[in-house]
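Colleague: The lines below spell out each chain.
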Amino acid sequence: GENVEQHPSTLSVQEGDSAVIKCTYSDSASNYFPWYKQELGKRPQLIIDIRSNVGEKKDQRIAVTLNKTAKHFSLHITETQPEDSAVYFCAGGLSGGYNKLIFGAGTRLAVHP
Amino acid sequence: GAGVSQSPSNKVTEKGKDVELRCDPISGHTALYWYRQSLGQGLEFLIYFQGNSAPDKSGLPSDRFSAERTGGSVSTLTIQRTQQEDSAVYLCASSANSPLHFGNGTRLTVT
Chain A
1 GENVEQHPST LSVQEGDSAV IKCTYSDSAS NYFPWYKQEL GKRPQLIIDI
51 RSNVGEKKDQ RIAVTLNKTA KHFSLHITET QPEDSAVYFC AGGLSGGYNK
101 LIFGAGTRLA VHP
Chain B
1 GAGVSQSPSN KVTEKGKDVE LRCDPISGHT ALYWYRQSLG QGLEFLIYFQ
51 GNSAPDKSGL PSDRFSAERT GGSVSTLTIQ RTQQEDSAVY LCASSANSPL
101 HFGNGTRLTV T
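Chains as they are written, first to last, in our numbering: chain A, 1 to 113; chain B, 1 to 111.
Note that these hints are calculated values from the structure, not bench results. Quantities reported herein were computed from a predicted structural model and do not represent experimental measurements. Please note that a few of the clues may not be correct.
Under the rule of at most 30 Å between Cα atoms (straight-line distance), these lysine-lysine pairs were calculated in the DSBU-like manner [to be verified]:
no.: 1; chain 1: A; residue 1: Lys42; chain 2: B; residue 2: Lys17
no.: 2; chain 1: B; residue 1: Lys15; chain 2: A; residue 2: Lys42
no.: 3; chain 1: A; residue 1: Lys42; chain 2: B; residue 2: Lys57
With the sequences and hints as input, model every part of the structure.
Modeller: This is the structure:
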């Protein structure tokens, strides 16, 4: 089955700096890789996702890159703001709701003013 | 529109008691997932329902855990003879395609 590893477990940056979180996956059949943001005491919410037919996707200050050969994908947040502070989870699985999503262990991001 | 609804939001139970957690998915979503999140930890997959297919139970940690989904909609996660290590937030999510939409979870505390 799929196994997703996520690094680092904690990340501290100064406001305005960039933050990068990396994940690797084991199942070469996986083709869908979402990222979720979980603020303290709240539900995880989707912030961006990527499918294996593209190598990069961007949405304002957030971008995700995917390397299928190496089986790793990364989340990039530019111009970080204090409200970006949260736990971020990556996940891997099959698109279309045909299989379970396996999540990484999470990265606790702290953005200091 | 209505999101994924879970009840109760909090549940405190004594060790050895059975508990039932309920999830109402978003209307029309065919896939339903249960995850467990222990304090400060990641999202541990428990079980997955997709339409009328047999559920994927590969994440259930022991035979004390079971889940059902009636009529392709509401799901109930049952934990029998609860143990202190069962204390966690139990998150339900539903999906119509790929993105999962999570509920607010049920915080279970076993004393």
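Colleague: All hints, please: hold or fail.
Modeller: Against the structure, the hints:
1. For the given pair, Lys42/A sits about 27 Å from Lys17/B by alpha-carbon distance, which is consistent with the 30 Å threshold.
2. For the suggested pair Lys15/B and Lys42/A, the alpha carbons sit about 27 Å apart, so the restraint of at most 30 Å is met.
3. A threshold of 30 Å between alpha carbons decides the hint, and for Lys42/A with Lys57/B the separation of about 26 Å falls inside it, so the pair holds.
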